[in-house]
Structures are given as C-alpha cells and as structure tokens.
Amino acid sequence: MVNPLLILAAGLGAAFLLGLLRETSERAAFHTTVGALAVMAFVALSWTVALASGQTDPVEMLTAGAKPPFAINLRTGIAEAALTSVVTLTGLLSAFFMRRDLLRLGRRAMAVLLVLIMALSGLIMTRDLFNMFVFLELIVIATAGLVLLSKDTRALAAGFKYLVVSQVISILLLIGIIFTYHANGSLNIDDISEVPMGANGASLAMFLVLIALILELKPFPANGWALDIYESAHPGFSAIFSAASGSAALFAVYKVLAMAGPDWALLAAGIGIVTFVGANLLALAQTHDRRLLGYSSVGQIGLILLVIGFADRLGDSFLYIAGGLLVSHAIAKAGLFWLSGMVKARDLSDWAALRENPVLVVLFAVFIAMLTGLPPFPAFYAKWSFVHVLATDGAYSLMAVFLIAALIEATVLFRWFGMALKRSSGHSLHISLTGEAIALIAAALAIAVSWVWGNLSGQENLITLVPLLFALLFLPLDILPARIKNVLAIAGLVFWFAVTKNGLDPLRYVFLIIMVLGGAILLLASFHATGRRMGFYTPALLMFAGMGLLVTSETSFQFFAAWEFLTVGSYFLILRGQDSEPHALSYITFSLGGAFALLAGFAIAANGAPTFPIENLSEVPSRIAPYVFVLLAAGFLTKTAVMGLHIWLPGAHAEAETDVSPMVSGILLKAGLFGLFVLLMEMGRQELFGVDLTIVLVWLGALSAFIGAVLSAFQEDAKRLLAYSSISQMGYAVFGLALMNHLGWLLALMFAINHFVYKSMLFLAVGGVKERTHTKLMYKMGGLITLMPFTFVSVLVGIIAMSGVPPLSGFGGRWIFYNAIMSTDLRLPMILIFMAGPVGFLYLFRLIHTIFLGQLKDELRLTKEAPFWILLPQMLFVGFLLSFAILPGMILRRVDSYIGTLFGDTPLVWTGKIVDSQYGTWNPVAIWGVIATVFVVVFILLIWMNHNAQKVKQFNIVFSAERPFKPQTTHFAWNFFAPYRKAMGFLETPVATSFWSGVSNMLHGTADFTRKLYTGNGQTYAVQLLFFVIAVYLIAMGGLS
Amino acid sequence: MTLVQISLATGFALIFLGLYGALSNRNILRMIVSFTIASTGVNLVLVAVGYLPGREAPILDTIPVASAAERITDPVPQALVLTAIVIGLGVTALMLAYAYRLFRARGSLDISDFTELKW
Amino acid sequence: MNSLPNFEWVQVAYALLTLFIVINYGMVMTAVVRKIGARVGGRYGIPVWQNYIDLAKNIALRSKITHGVMFYLGPVFRLTGGVGLLLFVPTIYGSEWHQNFSYAGDLILALYFIFFGTLGMALGAGESGHPHSAIGVSRGLSQVTMAELPLALGVYALSLQYQTLDITEIVAAQQGSIFNWTVFTNPLATVAAMVAFVGTMMRSPFDVVIAPQEIPIGPPTEYHSSYLALMQTNRVLFPVAKTVIYMNLFFGGATSWAEFAIKVFCLYMVSVVIGVVHPRFRVEQSIRFFLKWGLPIGVLAILTV
Amino acid sequence: MEDVDDKFLKKNKEVPLREELRPRKVTTPDGQEIEIEPLRDYFCEAQPKVHPKAYSKIVEDFYNWARSNSLWILGFGTGCGAIEMRPLMTPRFDAYRYGIQWRPTPRQANLLVISGYLSVKTLKRAIRAYEQMPQPKYVMGLGSCTINGGMYWDSYNTIKRLDDYLPVDLYIAGCMPRPEALLHGFMELKQIIRKGEAEGANKYAENFAQYKANQKAVIKDWDMPDYNW
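Protein chains in written order, with our numbering: chain V, 60 to 1100; chain F, -19 to 99; chain Z, -1 to 303; chain H, -3 to 225.
It is possible that part of the hints are untrue.
Below are the DMTMM-like pairs computed for lysine to aspartate or glutamate, each with C-alpha atoms no more than 20 Å apart in a straight line [what the hints assert, rightly or not]:
#1 V:Lys1010 / H:Asp222
#2 H:Lys212 / H:Glu15
#3 V:Lys1010 / H:Glu33
Pulled from the structure, derived: some chain Z residues nowhere near chain H, Cβ distances all over 10 Å [what the hints assert, rightly or not]:
#4 Trp7
#5 Tyr23
#6 Pro45
#7 Arg60
#8 Ser61
#9 Gln159
#10 Gln161
#11 Phe177
#12 Thr183
#13 Pro210
#14 Thr219
#15 Trp255
Derived CB-CB ranges, DEER-like [unchecked claim]:
#16 V:Arg952 / Z:Ile260: 28 to 36 Å
#17 V:Asp964 / Z:Phe18: 30 to 38 Å
#18 Z:Arg286 / V:Gly667: 53 to 61 Å
I should point out that these hints are in silico values taken from the structure, not numbers from a laboratory. Backbone N, C-alpha and C define an ideal beta-carbon position, used for all residues, glycine too.
Using the sequences and the hints given, assemble the complete structure.
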C-alpha cells in the first residue's frame, strides 16, 4: 500500500508541476491534472478497499519525524479513506466535466483545482487543529479562485461575499484555536480530547473553533453567501463545492466535536436540525435549479450534522448512518450539478429539455431517489437506522421534525422532477457525451454503494431483490417495442406469482392474486400501446415488485422497503398521465408522508431492534402500542385515501393513462388495505386516551364511504367520478376491517376483490371511451351505447355489481355487511354507511347514462368500439364477476375458514353453494335462477308483443310537439344532480382541500418570508453570521449552565 | 497591566475595529483594509497568548539547545502567527484581485451594488 | 340439486299462483283506491276494472317504436324487479304455497333487489334520449338517496330487535297477539320505515319525479304500447310487493289472503291519504324533510333497540 | 286539390332550411372531418305503415272494445276549446268514469283533440304530435273552426278544414261546444271505434303523400322530416 500522504503530495506536486509547463500547452496541463487526480483517487480508493476488507489497519502519519504535539499528524482510517475517495473522485469527475473551461482558463485554474482537492483531502486526514485552519484557508482561496471559472459575472460578487465571510470565520477560528492551545497546551485533536472539557473558561475557545467549522457547513440561516456560489458558479465546481467541500467540512466538525466532548453534541444536533428544516423550507420557494440544489445541499449537510450530534448514541452504526447519508448526498448532488451543466436555462421547468435524452431522465430520477432516501440507496438504510435510533432514545419530537423536513425535501425534489417530465422548455439540451458519461459513472457508483450499504445493513440487500432487478431490466430493454416488453412483463408477473404463492395463508394469497395476477391481467390492456412506450415498464414493474414483496414480506424492514418500491413505482407511473404533474406531486407527497408515518411506527415498535418480524407487532408493549397503531394506521389510511387524506387520489387516478388508472386504483389501493389487515390482525384493538382506535377507524371508514360517494356524484369528469368512488369503496372496506369481527373482515376482503374487479373494469371502459372520444368529460359524450356495445356491457355489469343490486357480486358484499353489523355495538357510524349506499346509485347511474345513453354528439358519430386489448381484460372481468356472483364460495370459503381460525368462530355455514349466517341466508344460485328465469320470460313476452317495433333515431322523441335543436342542448348531463346539490351540496365544502392547501400555503408563506433574509449583500451576510454565532453561543451557554 | 494584557487588549480592539470597519464600510477597498486590520489584531492576540514574560524569542541560533526549554517562549504560537500572516497575505491578495475584477465588471466598488444574487 | 335443497318444481306453480293473485289484487286495489279518491272529490271515478282495460288497450296498440336495446330492456328489468321482489318475499305466513322463493335470501336480498327494476328502468329511459327522462331519473335518484335511509335504519333496528334477517322468522316472532307486532314493540322503527314508505310510493308530496305538468311524466315519457303494459303491470305489482315487506316486517305479516288484502290495502292507503292532502315537494325539500324527520327517528330507533 | 285553402298559397320563393338542419361538417376527436346531415342522421326516415287488424275478428273486437274504453287524450290545447275540456275532469262531468284520461305525452295517448282553430304555426305542432302517437289513434275536431274556419274563415294564417291535414274521426260542432257536447262526442267516438271504423291512422298512412302535400302547402318553413316517429 502506498502512503496516503501521496494524495497530498500528488496534488501539490502536480500543481507545482503545472507552473513549470508552458502557458500554451493546456492539453498537457489538463492531462497532468487529471493524471494527478486519478492517482489521488486511486490511492484513496485502494485504502478504502483495503481498510474495509480488513487487510490493513488504520495508519497514522507523522510529519517532521516527531510525535504530536511537536509535529502534525495525519490519519487514514476507514472514514478518512472513504471520504478522501469521495473528494478525489468528485474532483476527478468534475475535472473531466469542466474540461472545456479548464482548458480555456489554462494551467492556473487547474492548479487551483488540484490545490482544492488536496486541501480537502488534507482537511479530512489531519489531526491537528492549526493544520486544519491552514487547509481551510487553502480551501477558501482555491474556492474563490475556482468561482472565477464561471462565465457568469455574478459569480464574481458571489466569490467576494464568500471571501468576506471566510475572513470573519477565519478570525473566529484563529482566536478559538489559540485559546484552545492556551488551555490545553496542544493542538493535536487526540491530545485535547483526552482532557475532558467541561463548561469552563476554555469552553468559549472550543465554542469558537466549533462554530467556525460549523459555519463552514453553511448552517441555516447564516448561509446566503454559500448559496450565491451554488447559484452562480460553474456546475462542475458546484458539484465539488457541494459534494466534496461539504463532506470534508463535515468530517472536520466531526473531529472537533469528538475532541470537544459530548457536551457539545447537542449544539451540533440543534444546528443540524434547524438547518435541515430551514433549508428544505426555503427550497420550496425556489425556481432556480442550482439555488435549489444549494438549499438542498445545505439541508443534507444539516441532516448529517444532526447525525453527527447523535454520534455518541449511535455507537457502531454512526459511520454506517452518517456515511450512508453523506455518500448519497455526495453522489446525488454531484450528479445533479453535472446534469444542471447540461441544461441550458436555469428555471426548474427548463429541465424539461432532459426529455430529449431518456438516459438523462433516468439519471435524474436515480439522483432524486437517492437524495430522497428511497430504496435501495444508502440513504434509505441510513434513514431507517437513524429513525430507529431516535425512536429507541425516545426522541419522538425530533423524529417528527426530521421526518416532516424530509417530506418537504422530497416534495421539493419531486416537484422539480414533475416539472422536468411534464413541462416544456424553450431551450434544447446542451448535450455533452463527457457529461453524460460522468453522470452515468455517478449512477454506477450509486448502485455500487447501494450494494455495499445493502450488504452492511444486516437486512436484506434490496438491490439484489429479483423483482427489483426485473423491473430495472426494462431500462436497457426500453428500446424494444412495447408489445415484446409487455409479453415479458406478463410472463414475469405470472412467474413471480407461481414462485411465491406457496405457503401463503389464504388472506395473503388473495392479495397476491389481486396484486400480481391482477396486474398481469391489466397488463393485457397495455398491448394496446404502440411504439416503444419508453419509461412505462420499469415503474409499472417496480410497483408490482413492491406489491409482490409486500405480500410476502416478513419483517418490518422488508415491508417498508416494499412499500417504498410500490410508492415510487406508482408515482412514476402516475406522472406519465397527460395533465398529471400536480396530482402526481400531491400523490408522492401524501404517499411519502404516509410512508414516513409507517417508518416512525415501525421504529417505535421495534423498541431498539433494527427490524422485527411483522407478527411481533402483537407483542409491542402496551405503553407504546397505541401510538404505533396510530402511526401505522395513518400510513395505511393515506394509501387507501380515507377522507381527509384523500385529496391526492382523484387527480392522480383521473389523470393517469388508460391502463394505469386501473392499476393504481384497482390494485394499488389494496396495498393500504393489506397493511390495515396486517395491522389489525397483529395489534387488534388499541386504546388511546380511552378511545378505542378501531372505532375511530370505523368512523373514518363510514365518513369516507359517504362523502366519497357524494363527491363522486358531483363530478363531471368520468375518471374523477370513478376515483371518488374508490374513496367511497375503500371506506366500506376500512369500515369492515375496523369492525374487528369475522364478517367485517370477510366484508373487507369481499370489497377488496370486488373493487379490484369492477373498478379495473370501469376504469378500463372509461379509458377506452377516452381513447376514442379524447375527453373525460361526461357531458361531452352521450349515446355511445350502439357504437361501443361491449364497453357498455362492461360498464353495465360493473355498475350493477358495484351498486350491490342482486344478482351480481356486489350484493354478496352488502349481505355480509349487514350480517357483520348485526353482531357489533357500533350503531351511529352505520347510518353514514346506510346513506352511502343509495348515493352510490347517483354516481353510477350518471356514469352509464351520460356516457352511453342520451343523445349522441355530432363529432362522435363515427366513434368506434374501444380497442380490442382494452376490451379483453374487461370481458375477462365480466366473466369473473358473473361467475363470482353465482359461486362466491370458490374464493370466499377458504378465506372464511382462515379468518375463522383468527377469530375462532364460524359465523357462516356453507351448505353446498348456500351460505347461512346466524341471521340470514344467501343462496346465490337460487337468486340467479329466479332472476334469470323471470327476466327471460318477461323478455320473451315483450319480444312476442313488440317484435315489430320501428327502430327510430335520436331526435325521434316527443319534445313538446317540437323537435330537438341539437344533441348538445338535448342531452341532460351537465350538473346532473342539480337538485341533489341544492340539498346536500354543503357536503362538497372542500374542508380537507382547504386544510391541506392552508398547510401548503403556510409553508410557502414561511419560505417566502424567510428568504427575505437573503438580501444579497455580502456585508449583511457577514453580520447575520456574527449574530448567528452570538445567538448560538447564548443558547449553548444557556443550555450548558 | 502587564504587557500580555495590553497586547491582548490591543489585539481584540484591533479585531473589533477591523470587523466594525469591514461591516460598516460599503467600499470594497475599505473593507479589505479593515480585514487587514482585523487580521493584524488576530495575529497580535496569537502572539500575546503565546508570550511568556522574560523569555526570549525561540531562535535556536542564539540560545543553546540544552537550555532552550527554559529560556524561550512557546514556539508554537510564533509558528502559527507566521503561517497566519502568510495566509492572510494570500487572502488579501485574492480579495484585491476580486475587487479589481468587480470594478472592471461593474465600474463600482460599492458592495451593495452586487446584490443581484439573492433569494 | 344440492345447491337448491328446498327446490321442487311445484313451487313454480305455487309462485305463479301467488303472482297471479297479487297482480289481480293490485289491479283492482289501485283502481279502488283511485275510485275512493274520486269519491272524496265528489266524482264517480273510474271503473274498478279500468286497469285491465288500459292494459289490454296498450298491448293492442299496433305501432311501436324502439330507441335501442336498452330502451327495449328497460321495462323487462322493471317488471323483473317487481316480480322478483315478490318472489323473494314470503307472502302468506304459514302457507307452504306462498313462501315463493324466499329461501334464496333474506331481508337484505329484498331490500337491495328493490333497486333492480329502478336501475334498469332508468337505463331504458336514458336510452330514449329524452331530456325529461334524464331529469326525472336525476330527481328520483336524488330523492331516493334520502328516502331509503329511514327504511334502512328501521330495518336495522328491527333486525337487531329480532336478531335475525330472515323475514319468515321476523313474522313468526310477531304472531300470537296484535301487540306482538313490531308497530307496537318497536314503534320508532316502524315510524321511520313508514316515512320511507310514504317517500318511495311515488305519490304526492314525493312525486316530483314524474311531475306530469313540467317534465311530462319523467322517466317513462317515451314508453308506450307493450312497454307501458309491462310497466303498468309492475306499477300495480311493485307497490304491493313492497307493502308486503312492510306488512311482514312491521304489521305481523298475513296468515291468509284475506288478512293480506286488508293489511296491504290499509298500508297502501296511508300513502294515498297523505298524498291527497299534501302538495308536492321539490326534490331538495323532500331531501330536507327526510333529513329532518326520517333520519332522527331512525337514529332514535337504532339507539333505543 | 282545389279545396285546399289556396287563398294564401302565395307562390313565393322557398323558405331556406333552418340552420341547425343544414348539412354541416364536424371534426371528430381523431381529427377526421365528417359530414352531418341532420335530417337523415337524427330522424328516422321510414314512412308510416298501414297496420292490419288482428287476424281474428273476436280478438279485434275485444281490442276495439278495450280501445274504446280506454281513451287517453293528449293534453294539447290548441285553441279556445281547450278551456272546455277542463270541466270534464271535474265532479260535474267526470270523464274518467268513461275510461277517459289525459296523458302528458303523445306516446301514451290515442286521442288527439284539436280543440279549436289551428294557426299554421300550431298545425305544424299538431301534425308532429299526431304522428308521434302510436297507432291506432284518433282525432277529434272541436268546434266550427276545425270544420270550416269558423270565425277565422278569412284569416291569413288559420287553416279552414282540419281533415285536409289530419284524418279526423269526429267533429263536434259548436262555437264552442259545451262539455256535454264533448262527452257526447266521446261516446260517439267509442261507437265508431267499437265498430272498427276508426281507422284514421291507416287512412293517414295510405294517403300519406296527399296529406303531406297539403300540409307542406300551408307550412312554408317545413323544417322537419316527412314523418315524425
């Protein structure tokens, strides 16, 4: 192994060597620079690998042949090696990225770059306080030098502000250092840390050192100067500034904190969380991409500072957590800055230009997912572990703040992603193969570190999961025609079903059928797509992978990871819809919010363990159980879109593509239901403040069922109508589950199956209509029955089934429902459910009437039947609904007996095909027999009497002795339930929407107000900095005394 | 008041004076001068903290090595000051370079003219 | 036939007999009711067999039109709904003949099957393309959302009271004395259900759905000839079938056809009497009416069981 | 036909078709341009048919008896005579006892009572209403106006003889006839129906071309299909 000092030596040496070169030989200079950086990176990496694999031990390097305190020492342990790797690699890649500008500016700029990387590495390795100061000053000088790389003249001002602030910092640092030395007689970090430093006279000195280094991290709100750099500097340099400088400074803070002792940890943690929250909040208000990235960097670094503040309590996992966050931040942020170099204009929506190159879009998605901490990236494991530690410590409020800020961060990033995918940009992309290659390398590194972190996690290595890999396989395969990919996808789903189906209990089995096999059936509709359909299959299969894994998951970690997979997959899927940008954003916001609630719940339930088997939820101590229950239920209810948490659903489901809507509505909603099943199965009834939480659930379910139905009746958009109806239907299911008895669960399951079938069918049908009419607005349609007979049949069967009218399968649900409520004491919420029943007719009738009946519009006269592939699954569903209506036992019976084993009762008696309960009977075959017979007889009678009826056309109606003017004015469709609205319209008051938009406005308002701090004046920033120092000092002293 | 205390007081006075000057003057050149004053103050503080009354400068040419430990002042702060002065010089030079280029770009040396980057 | 253990072919004959009796009873009864109304107004009134004549006349019409398949099927759905409803409910308690096919399901089946005909009819009317049909349906659906609510609450209270959903068992529990009837044992539930009864009988004040003066007869505007004949048949059959349910649930059922005739007639007259003295509600007014009166009574009924 | 009210048959130029009935082009959602011809696309073009009587005389007699005892009147008040029909529902006259009812829609009515003078404008509506009634259907002309124009004999826009335009089964003379006369008229009509002679609808179908020509002769702005189903 070569000496790690070579990293410093190579940097410095090459920088000097550049001085010897001729002014004109820029190419040679560039090669020298890159060569030196490569050597540095190689050394750092080789040490990382060696240390990680245990081949060598950490090494101390002494200078001047003496031991500290008489000389400076440097250390290379695993953390140092890894960080230098990050720094040098960022430097190397950025150097390539900045190639053209470096060549333009010549060897001086390259030398400065080398010095910067060298100084950053030095800052990481040194164990000497003053040496740290020296390296910091070198960094400042190099940074200020590199800012000049930018062609943006505003960067000059930014660089100057930076220098001003750096001067102030260095004054603080120097004073701190000298008094620390005075008090301890040594500048060596290890020496100083041996003498415990309490809150004595030296604490001010220590404070100054610490705060000076923390200021280097650009803590909120004393960071305006840094953001200007991010905004105006060359993106290649910003990448270094964010990824490398940030990492190095963080490590310096870590070292000093370790030296200062645990008393100061709280200070760091406090500044960290304030920064994390503040920066993310401000990022909400940004429209400039690089400034947003700047805020995001500040936020991420604040987060890691928070983790550093917790270093003591994290123990062994500290490096794992902080490293995970840091490496994710570094790679993702560097990658994003590099991407920003390829986007010409600076508005967030200008990133739409990325769409010219699908690879870049994928990279963008990868970086954003990595930054947000989605699986399988390291930050995911880190967040998981960190939240678990926080929960173990009982730091619940901190956990809450952390998760909320993380949610804001995710919102910021996904808002941006949505803009990139859905907006249009006036500027084309500045394609550079080097840039693309570099970003690709970053993504490859991201995957590599994900693998490493997965291996270290002690959990399942998520990146090796077969379903995930299968989904990712479609990224390279995206060049194939959609049909081939579709065959592959269906085969994959069926295969996965066959592999995993064994050994599942009937409940999970049913969900597996719905989620995986159901997915395969719905994918049949995707055969309709022509061309390549880029970017559809990966998210779709990611979603199905998540659901497949969810059903088979055994531990909380697996469950949560699967949950995140399906959330992310479905987000990308929903985003594909035409006008879905804002809806996809609110979807991902709510979903991640729900997911974070799950995370918090699991963390609290884990009680110190890194993960736990799901069935151990039943053993959660009763002290915390209700809280766990509330959190988990909140997470699941977000997914089932219970009233109040529903506002994401209508838009998301309505704007999605034709074959996506049934997937996200018919299948995805069941994930939340499945979660609730598991939760209630394991935890049962819980009481919080004397309130039985299942009763709250009952009320929520009933409320959703009712209001969802009412709102549905008032929609003009067919898909929105169906979406609201889903809220209502899920309300029934939640209601049934929360009844906590055998029949309630059977009811929920019946609803799960039925809702999957008829909602998929209806969404497909409406989607098929939309394919032909190019609109979702029902009043623009009408009279399509003769043109789209098959679609009509499927809607007809769908609405009869859904409304619960015998003989179709919805009736079974209602029958079980009545039997279920017979054996419970809850009576009041029942009323809401009773009200929801007939309201269901309102929207269902409207759906079929305004689309298929009434007057045909001129422009739709030639409308053709929906495409075959969209019809095919519908017809399969129709067949299923009919047979399920006659023979419900084929599925229900097994599940019934399984639920019986859970509750230890058998309320239903199956005699042949007849179901008997304690209260009544349901004989589906007889019902079918009677109804079919009567129907056929009456029908024959009518044919006999009216066989010679004259077929007339649409205007042959009695019209008060006049004739209709035109179809539009004759088709009664818009505001169909006007009288109902008059009476019950008050239920439309958008309480939940107002609430959430209030929250969002408040956040944005705060952000807008807070950013007034950033006046742009360097002096003001310096003053803010000083005030910040004083404020922190006063708070810290108050806290210490 | 001992020499150390006087130096310390002067040093801090210079620091505060420098900072006040840097933060209250809008002219960039005046700011740079103020920062120089502040760094001088810092250097003074550095030296003052390391000073031991009655001892000599740690120059081993004139003092026998054997008795050096008793006769010289603490060498570390001295070394620090030297380094700090060098670095201060570098930073000042860079700031001046910036001042030059800012003036070239905008024809102004007023720091409040360079606020287009904000929010 | 293991899936239909109680089925024997002779039941078809029994059921047809029930159907025959009920249809004829309905024909005459509705005419009688109209005649009574006329007499109250000082008129002579229609002949009691007028319904038969109208039916024959409608079947005898020579030219017919159809607006499409669903239009054609609408009356079929409608009549199937009425006939089915009757067949799923035991008509005469204790009579083996007139249990019909009530073993196919229980009260819930009957309650939900009520909508079968309504839905099919609404669809058929919809295909006619007549805006008044759609307006009528819109009104009807809006009104029924609230009108059915007190019934659901009353029925729930009732089934809690008897701990069963089986209609025969509910009737059995009311035998013995008149004071065993639900109307005496659970008056609140009965009142709630009767509010719904009045609300769904398509009589004033809740008949804005067919308001002939403004939206000529609403949903069936376009129906004529045999379509109308089927619907007329249903119109005499369906209220009786519905009343049979109320009779079974709240008024001790009927043990003989005579008792059946009297009870159904009396129940039917309730809505008639209310109808002749009350002007028509607008839809939102009737919704508010049910919210104000039906709902609280229903809630009370449930809470006090 | 010379007995058509040709006094006001001014042979001026043809009234152009109403705008909403003119052929036009619309663009489908797929971007295809299609031609819409409202009269053909919106309305059934079939001619009315002559419907034979039932095969068996007994059945037909029974049917006629039923028809005669179930006269459903289309409540379409065309002239001042409409006011004379209202008392029929009152206790004093009570037409219901004869199986006579008022229906709000032509589809369910058999008897169109033209209750007075018909202006050309109203004639158009009366024709439409009549044609939309299912067969067999009957027309009763009320008052002298429907017979010879009555007091409007020289009006520029009132038709004189109803049976030029619609097959009238029965006229009731008077200006206006009293409700008693109306009741008597209904009784007469019942007799006609029972005898099987009330075949106005078939007559209309048989002489459809002639009736149409007469109608079109007075109704200049004929903006409807030939037969209104």
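We went through each hint and held it up to the structure:
With a C-alpha separation of about 16 Å, the suggested pairing of V:Lys1010 with H:Asp222 holds against the 20 Å cut-off. Using a Cα cut-off of 20 Å, the hinted pair H:Lys212 and H:Glu15 holds, with the two alpha carbons roughly 19 Å apart. Taken as a hint, the V:Lys1010 and H:Glu33 pair is honoured in the structure, with Cα atoms around 19 Å apart against an allowance of 20 Å. Distance check on Z:Trp7: its Cβ is at least 32 Å (rounded) from any Cβ of chain H, clearing the 10 Å threshold; non-interface status holds.
With a closest Cβ-Cβ approach of about 21 Å to chain H, Z:Tyr23 is found to remain outside the 10 Å limit, as its non-interface label requires. Not every CB of chain H lies more than 10 Å from the CB of Z:Pro45, the least distance being 7 Å, so the non-interface label is violated. The beta carbon of Z:Arg60 is not kept farther than 10 Å from every beta carbon of chain H, the shortest such distance being approximately 4 Å. A beta-carbon of chain H is positioned within 10 Å of the beta-carbon of Z:Ser61; the least distance is around 4 Å.
At roughly 44 Å, the least C-beta separation between Z:Gln159 and chain H is larger than 10 Å, which holds for a residue marked as non-interface. The Cβ of Z:Gln161 sits about 48 Å from the closest Cβ of chain H, beyond the 10 Å cut-off, so the non-interface label holds. For Z:Phe177, the requirement that its beta carbon stay farther than 10 Å from each beta carbon of chain H is met, with the minimum near 42 Å. Distance check for Z:Thr183 against chain H: the nearest CB is about 42 Å away, which clears 10 Å, and the non-interface claim stands.
With a least CB separation of 4 Å from chain H, Z:Pro210 falls inside the 10 Å interface cut-off, contrary to its annotation. Listed as a non-interface residue, Z:Thr219 fails to keep its Cβ farther than 10 Å from every Cβ of chain H; the least gap is roughly 5 Å. Remark: the non-interface label on Z:Trp255 is consistent with the geometry, its nearest Cβ contact in chain H lying 28 Å away (cut-off 10 Å). A hinted range of 28 to 36 Å for the beta carbons of V:Arg952 and Z:Ile260 is inconsistent with their spacing of about 45 Å.
Taken as a hint, the range 30 to 38 Å is violated for the pair V:Asp964 and Z:Phe18, whose Cβ atoms sit roughly 44 Å apart. A hinted range of 53 to 61 Å for the beta carbons of Z:Arg286 and V:Gly667 is consistent with their spacing of about 58 Å.
This entry does not satisfy hints 6, 7, 8, 13, 14, 16 and 17, going by the numbered hints stated previously.
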